[in-house]
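Under the UniProt record's numbering, read the sequence shown as residues 1 to 539, first letter to last.
Derived by calculation from the structure, the hints in this document are not laboratory data. Just so you know, not all the hints are guaranteed correct.
To be verified - FRET-style restraints, in silico, Cβ to Cβ:
(1) Thr-228 x Cys-493: 46 to 52 Å
(2) Asn-64 x Glu-218: 49 to 55 Å
(3) Gly-46 x Leu-13: 24 to 30 Å
(4) Leu-252 x Glu-212: 23 to 29 Å
(5) Glu-33 x Arg-389: 50 to 56 Å
(6) Lys-115 x Asn-337: 58 to 64 Å
(7) Leu-252 x Leu-191: 28 to 34 Å
(8) Cys-493 x Lys-451: 17 to 23 Å
(9) Ile-119 x Ser-344: 55 to 61 Å
(10) Asn-313 x Gly-358: 21 to 27 Å
(11) Lys-241 x Leu-191: 19 to 25 Å
Claimed, not checked - Taking lysine-lysine pairs in the DSSO-like style, the calculated list, with each CA pair at most 27 Å apart, reads:
(12) Lys-122 x Lys-189
(13) Lys-54 x Lys-451
(14) Lys-99 x Lys-115
(15) Lys-451 x Lys-99
(16) Lys-524 x Lys-496
(17) Lys-181 x Lys-241
(18) Lys-333 x Lys-181
(19) Lys-54 x Lys-181
(20) Lys-30 x Lys-110
(21) Lys-54 x Lys-189
(22) Lys-451 x Lys-496
Predicted model only: the values in this text are computed from it and were never measured. Quick reminder that beta carbons are idealized off the backbone N, C-alpha and C, glycines included.
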Amino acid sequence: MSTHSNSSCIGDLVEGVICQEDDLPKDGMKSFEFNGEKVLVVHHNGQLSAIGSKCSHYGAPLENGTLCEGRVRCPWHGACFNVNTGDIEDFPGLDSIPKYDIEVTEGQVKVRASKTLLINGKRTKAMAKRDPNNNSSYVIIGGGGAGASCAETLRQEGFTGRVILITQESQLPYDRPKLSKAMDIAPEKILLRSEGFYESGDIEVLMGVSAEGVNTEEKMVHLSTGDTVAYEKLFIATGGKPRRLGIAGDQLPNVWVVRSPQDANAVAAAAAQKQVVVVGTSFIGMEVAAFLSTSDRAASVTVIGNTSVPFENSLGHAVGQRIQEMFEEKGVKFIANSGVVGFSESDGKASGVTLDSGETVEADVVVLGVGVVPNTEFLEASSIPRNQRGYVPVNEHLETSIPGVFCGGDIASFPLFIEGGEEVSIGHWQVALGHGHTAALNMTGQSVPIKSVPFFWTVLYGKSLRYTGYGKYDDVIIGGDLENLSFIAYYCCGDKVVSLASLGKDPAAANYAEMLQQGKSLTKQQVIDDGEIALKLKC
Numbered sequence: 001m002s003t004h005s006n007s008s009c010i011g012d013l014v015e016g017v018i019c020q021e022d023d024l025p026k027d028g029m030k031s032f033e034f035n036g037e038k039v040l041v042v043h044h045n046g047q048l049s050a051i052g053s054k055c056s057h058y059g060a061p062l063e064n065g066t067l068c069e070g071r072v073r074c075p076w077h078g079a080c081f082n083v084n085t086g087d088i089e090d091f092p093g094l095d096s097i098p099k100y101d102i103e104v105t106e107g108q109v110k111v112r113a114s115k116t117l118l119i120n121g122k123r124t125k126a127m128a129k130r131d132p133n134n135n136s137s138y139v140i141i142g143g144g145g146a147g148a149s150c151a152e153t154l155r156q157e158g159f160t161g162r163v164i165l166i167t168q169e170s171q172l173p174y175d176r177p178k179l180s181k182a183m184d185i186a187p188e189k190i191l192l193r194s195e196g197f198y199e200s201g202d203i204e205v206l207m208g209v210s211a212e213g214v215n216t217e218e219k220m221v222h223l224s225t226g227d228t229v230a231y232e233k234l235f236i237a238t239g240g241k242p243r244r245l246g247i248a249g250d251q252l253p254n255v256w257v258v259r260s261p262q263d264a265n266a267v268a269a270a271a272a273q274k275q276v277v278v279v280g281t282s283f284i285g286m287e288v289a290a291f292l293s294t295s296d297r298a299a300s301v302t303v304i305g306n307t308s309v310p311f312e313n314s315l316g317h318a319v320g321q322r323i324q325e326m327f328e329e330k331g332v333k334f335i336a337n338s339g340v341v342g343f344s345e346s347d348g349k350a351s352g353v354t355l356d357s358g359e360t361v362e363a364d365v366v367v368l369g370v371g372v373v374p375n376t377e378f379l380e381a382s383s384i385p386r387n388q389r390g391y392v393p394v395n396e397h398l399e400t401s402i403p404g405v406f407c408g409g410d411i412a413s414f415p416l417f418i419e420g421g422e423e424v425s426i427g428h429w430q431v432a433l434g435h436g437h438t439a440a441l442n443m444t445g446q447s448v449p450i451k452s453v454p455f456f457w458t459v460l461y462g463k464s465l466r467y468t469g470y471g472k473y474d475d476v477i478i479g480g481d482l483e484n485l486s487f488i489a490y491y492c493c494g495d496k497v498v499s500l501a502s503l504g505k506d507p508a509a510a511n512y513a514e515m516l517q518q519g520k521s522l523t524k525q526q527v528i529d530d531g532e533i534a535l536k537l538k539c
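Produce the complete structure using the sequences and hints provided.
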């Protein structure tokens, strides 16, 4: 970052020289200090633009991201912003970033900006208000990322009828990925939007209410309260619900799943200085284990998995083994290749976890992280089709076979463009937000296909692992230094790289995601020849 401080103020506006034209890369981006804040100046396709310097999601420096085809992709979690408008074009996050006026005079680059936007660093798009003369009702079932994104996008796109968001949660939509990463966080601290935001957008939120059925002929949603809600168009995004083991004892009061802030808070409190057993080496289970073993929150943490190492199926044996070692360094014990067949019980609570080997592992608290199932049982009596696994098939516009009924997020089976339209179901936060946004565009009469590259992340002991792409793999090529947790893992199917995981190697994941977005990929031979090629990719 460079510093220039020649600026003047007029009301809320501040203007001045931010840099010299020669300071800018010919086709790239660079951040400069301006009026005590940072501005990202982009020189792309022969044009200059000035935008906010930080991602609106978690504040990552966009200067370290990927610039391609008129947008910058965040190095941390893959959100994308238009370099000419600052508008968010891919997710996570909901807000756009500011766009500032810029001009060049005699080699000096001058910027004019709102001081308020400079300080805030993000920009919420304007929303239409409810028109009492518009009798249309667009109903959203589900208050997760997809539902929240859909609701506000409808208003941002100018829809003036009723927008009704139905959620069985007891709070407004919140940042769900934080539940297993910061389990003791207060629910109000992770809300995506305030109550005032929904009020200002005339978005009706029905909390603590679930849908019990949908009649597509009458265009009615039947609610748990006994009421019905009429719709003209419907978006269903009810998400997944945590699996339980289906064995005796898995409903005991100290056997937990983590789905809500209340679940996370309760586990964090119950685990204090107790013996904790985590069943499952999924991302949720491992994040819970990391949180509870940090700062000695729990007396002990034991993780039971049915594979030889954590993440073996998703990240491969070598990466999984190194992550396990990182946990073991923190005192976490692993029991591999084991299944749970029962629970020992004392005073109405689980006192141990019984393995298929016959061994019993003592436990004061048990957390199940064994996957999710689609929350679509309420659609059984409806005419909305579900596949054999309970997911709802949709087309590239996220519309079901019932006109006017859309579906997205964890419960949707949708065509993934990077896999030639293969029908997939992906339970990623970023995918859910993108689905809600795209569904809203199509509900308002546009014809916009879902074209987003899956991007996932996890944080374990302060280390951020990023994963992008999709597909089955038969080989893993690792570049960098796996032992020192600074690596790129390339997942190959035949001759082609189908996905990538990185740790300590930004912006490798963002670069590769953008490559996939442009319809390109890497070959296995390329990554064998250069294990850090993902750091060098150019648009």
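Do the hints match the structure? See the list:
For the hinted restraint 46 to 52 Å between Thr-228 and Cys-493, the CB-CB distance of approximately 48 Å keeps it satisfied. A hinted range of 49 to 55 Å holds for the C-beta pair Asn-64 and Glu-218, which are about 53 Å apart. Checked against the hint of 24 to 30 Å, the C-beta distance between Gly-46 and Leu-13 comes to roughly 27 Å, which is consistent with it. Restraint check, Leu-252 to Glu-212: a C-beta distance of roughly 28 Å satisfies the suggested window 23 to 29 Å.
At about 52 Å, the CB distance of Glu-33 to Arg-389 agrees with the hint of 50 to 56 Å. Range check, Lys-115 to Asn-337: Cβ separation about 59 Å, and the 58 to 64 Å hint holds. Separated by about 31 Å at the C-beta atoms, Leu-252 and Leu-191 satisfy the suggested range of 28 to 34 Å. The hinted range of 17 to 23 Å is satisfied by Cys-493 and Lys-451, whose Cβ atoms lie roughly 21 Å apart.
The given range of 55 to 61 Å is respected by Ile-119 and Ser-344, whose C-beta atoms sit roughly 57 Å from each other. At about 26 Å, the beta-carbon gap between Asn-313 and Gly-358 stays in the expected band of 21 to 27 Å. For Lys-241 paired with Leu-191, a C-beta distance near 21 Å keeps the hint of 19 to 25 Å intact. As the CA atoms of Lys-122 and Lys-189 are separated by approximately 18 Å, the hinted pair is consistent with the 27 Å bound.
Between Lys-54 and Lys-451, the direct Cα distance comes to roughly 24 Å. Compliance with the 27 Å bound is thereby established for this hinted pair. Pair hint Lys-99 plus Lys-115 holds up; C-alpha atoms about 12 Å apart against a cutoff of 27 Å. Restraint check for Lys-451 and Lys-99: the C-alpha separation of about 24 Å stays at or below 27 Å, so the hint holds. Under the criterion of a C-alpha separation no larger than 27 Å, the hint pairing Lys-524 with Lys-496 is consistent with the structure, at around 5 Å.
With a C-alpha separation of about 18 Å, the suggested pair Lys-181 and Lys-241 falls inside the 27 Å cut-off, and the hint holds. For a cut-off of 27 Å, the pair hint linking Lys-333 to Lys-181 stands: about 19 Å separates their Cα positions. A distance of roughly 22 Å separates the Cα atoms of Lys-54 and Lys-181; the hinted pair therefore holds under the 27 Å criterion. For the suggested pair Lys-30 and Lys-110, the alpha carbons sit about 14 Å apart, so the restraint of at most 27 Å is met.
This hinted pair checks out: Lys-54 and Lys-189 have alpha carbons roughly 20 Å apart, not beyond 27 Å. Between Lys-451 and Lys-496 the alpha-carbon distance is near 20 Å, which keeps this suggested pair within the 27 Å criterion.
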